[in-house]
Amino acid sequence: MKRSDLFFNIAIPVLFVGIVTLVVYKFIIKEQNPGLFAVKELSNISVVDLNNNKLALTDLLDKENETYCFLFELTNCYSCILEGLEDLKKIRKAGSFCIAIVVHDLIEEVQGWSNTQDFSPFFMIKKIDFYRNIQSSTMPVLFSLKGGEVKRFRFITP
Amino acid sequence: MRHIKAFRFILIFIVSITLWGEENFKLIEKWDPGDEVVGRVGESIVDADGHVVCTFYKSGSRLITPNKIIKFAPYGQGPGDLTDMRALFHFGGDIAIVERPEKIKIFTKKDSTYVWKKTVWLKRGKFVHVVQDAIYYKNKWFLAGLEFVDFDNKKNLQYASFLKIYEKNGQPIENLIKKTFDGPHRFHEMNYYVAAYKDQVLFLVENEMKVHVVGLKDLSIKKEVNLETPGFYKKKPDEFYSPKGKTGAGKNYLSVLEHWKTSYSRINKVIVEDSFLLLQVRTCSEKLKRFALLFYNAGNFKLEKTIYTDDLLLGVKEGKYYFFAGGDPGRDEEAEDFIINVYSFGEKSEKK
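Quick note, the sequences are listed as chains D and W, same order. First residue of the first sequence: 1, per my numbering; consecutive thereafter. First residue of the second sequence: 1, per my numbering; consecutive thereafter.
If you're looking for bench data, these hints aren't it; they were derived computationally from the structure. Among the clues, some could well be false.
[Stated by the list, open to error] Here are the computed lysine to any residue pairs in the SDA-like style, where the Cα-Cα straight-line distance is at most 20 Å:
{"hint": "1", "chain 1": "W", "residue 1": "317", "chain 2": "W", "residue 2": "66"}
{"hint": "2", "chain 1": "D", "residue 1": "127", "chain 2": "W", "residue 2": "81"}
{"hint": "3", "chain 1": "W", "residue 1": "118", "chain 2": "D", "residue 2": "109"}
{"hint": "4", "chain 1": "W", "residue 1": "118", "chain 2": "D", "residue 2": "50"}
{"hint": "5", "chain 1": "W", "residue 1": "123", "chain 2": "D", "residue 2": "127"}
[Stated by the list, open to error] What the simulated footprint calls covered on chain W by chain D, stretch by stretch (three residues with Cβ under 8 Å from a Cβ of chain D suffice, anywhere in the stretch; the number is not a length):
{"hint": "6", "segment": "115-122"}
{"hint": "7", "segment": "219-232"}
[Said to hold, decoys possible] Partial pick of chain D residues on the chain W-facing surface, computed with a CB cut under 7 Å:
{"hint": "8", "residue": "17"}
{"hint": "9", "residue": "18"}
{"hint": "10", "residue": "116"}
Every residue gets a Cβ at the ideal spot worked out from N, C-alpha and C, and that includes glycine.
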């Protein structure tokens, strides 16, 4: 076999396989991006209850089991908010501690809104505390905390 | 011969009546408050001082007086702010705004401007509610607009209501004007109107010359009355709102929507004033002015008077009719200058 034939017989198939692999990885296989949710310093986060008392979030959490938190803004998709609250009710029935946290700066707005819902307790996290301590690709998000760490999370989007 | 004479007499009588209305409907004030807004008119009413509160789709809310225009409320989530303005209506001497389907903000006038007074929260349903108009009447809130109340995914059915009634405290009482959809539709794009007269609430849809009368005692539909349709009326075909076999918005959706909103005789304003049910309707006729004001007797719904105008009706207060000159600034090219025209059937009054 000539040297040039050997080149074509080996190099071209290798090149072809390389191109196909590149195309498949680059354009066909779409990596599932789960989104980002992270709590930076749990001990730094304070929330406000509906009586306007400031509380450390860590003081609200179940010390031994997971605590489920539903975090949302009042301007989020309404059906998504209701789905999150319904999920909290189901999780609570299964025996876990659940709270809802609204990102807002005015407790009166959260008070008024929460009175239209069949769930409690509601808390408010101020926007500045939210931005400083929580990273979330989208909202609303339902997450669980245990031992100071996020154990699981799920974005609830339309 | 006798018939011809009788016909001629009737014709002269009708023309005289029409001209009587037109001749007596006179421009009494012209405001040039000197500001520019962008976008079409959303909601508008005239307040107790005879000033216009109005929303413009790209500029937000404005309080318009004869000499100046000021922001009604800034954008934001604070108590005195607004993130949206879906319906605007009188609440006693104050102004109520449906900011979201579950939230109504009350503003009161102070030092020639408006300040937030309180927020009323409604217990809304689970699904989408596109509020288009609202009133507070006899201690109840009436919200007009498409609300999905349930879905049957197996049968692909959507159950909707177009008039929702709440108690004063925000608890829902009744869903009326119910409809079931079995395919794609765009009924959320349609305008719905609600007004009150004596012991009844009136509900209208932009593409129907029909009044649904709701009795206040048991909050049920008492009757549906077909209104007399004027000769110019160009009926909107149903296919836009119920497109057969089409799903999604499609290409050029917004321009198609604008075409449908301006090319057919849709109702663009409903007001009950001085025992009249007043509708403003686009004529869509080259021979006539852009709009017709149709004055129906609010008791028996007979058409009693028709006035033609090129201006867009914003509201009525004590016999004065407030218009945006030239039409809708977001839809009609002639409405490029910010001029408010005030008309009246009575004598000319002094400018405020």
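Cross-check of the supplied hints:
Proximity of residue 317 of chain W to residue 66 of chain W is assessed by CA-CA distance (about 15 Å); at most 20 Å being required, the pair is judged to hold. In summary, the hint linking residue 127 of chain D to residue 81 of chain W is supported, as the alpha carbons are separated by about 17 Å, within the 20 Å threshold. Taking the CA atoms of residue 118 of chain W and residue 109 of chain D, the gap is near 11 Å; set against the 20 Å cutoff, the hint holds. With a C-alpha separation of about 18 Å, the suggested pair residue 118 of chain W and residue 50 of chain D falls inside the 20 Å cut-off, and the hint holds.
Only pairs whose Cα atoms come within 20 Å are accepted, and residue 123 of chain W paired with residue 127 of chain D is rejected, the gap being roughly 25 Å. As drawn, the segment 115-122 of chain W meets chain D at 3 residues by the rule of a beta-carbon pair under 8 Å; at three or more, the given contact holds. Note: the segment 219-232 of chain W has 0 residues with beta-carbon separation from chain D under 8 Å; the three-residue rule is not met and the coverage is violated. Hint status for residue 17 of chain D relative to chain W: violated, with the closest Cβ pair at about 40 Å, above 7 Å.
Because the beta carbon of residue 18 of chain D sits about 40 Å from the nearest beta carbon in chain W, more than 7 Å, this interface hint is broken. Because the smallest distance between the Cβ of residue 116 of chain D and any Cβ of chain W comes to about 5 Å, under 7 Å, the interface hint for this residue holds.
In summary, the structure is inconsistent with hints 5, 7, 8, 9 from the numbered list given earlier, while agreeing with the others.
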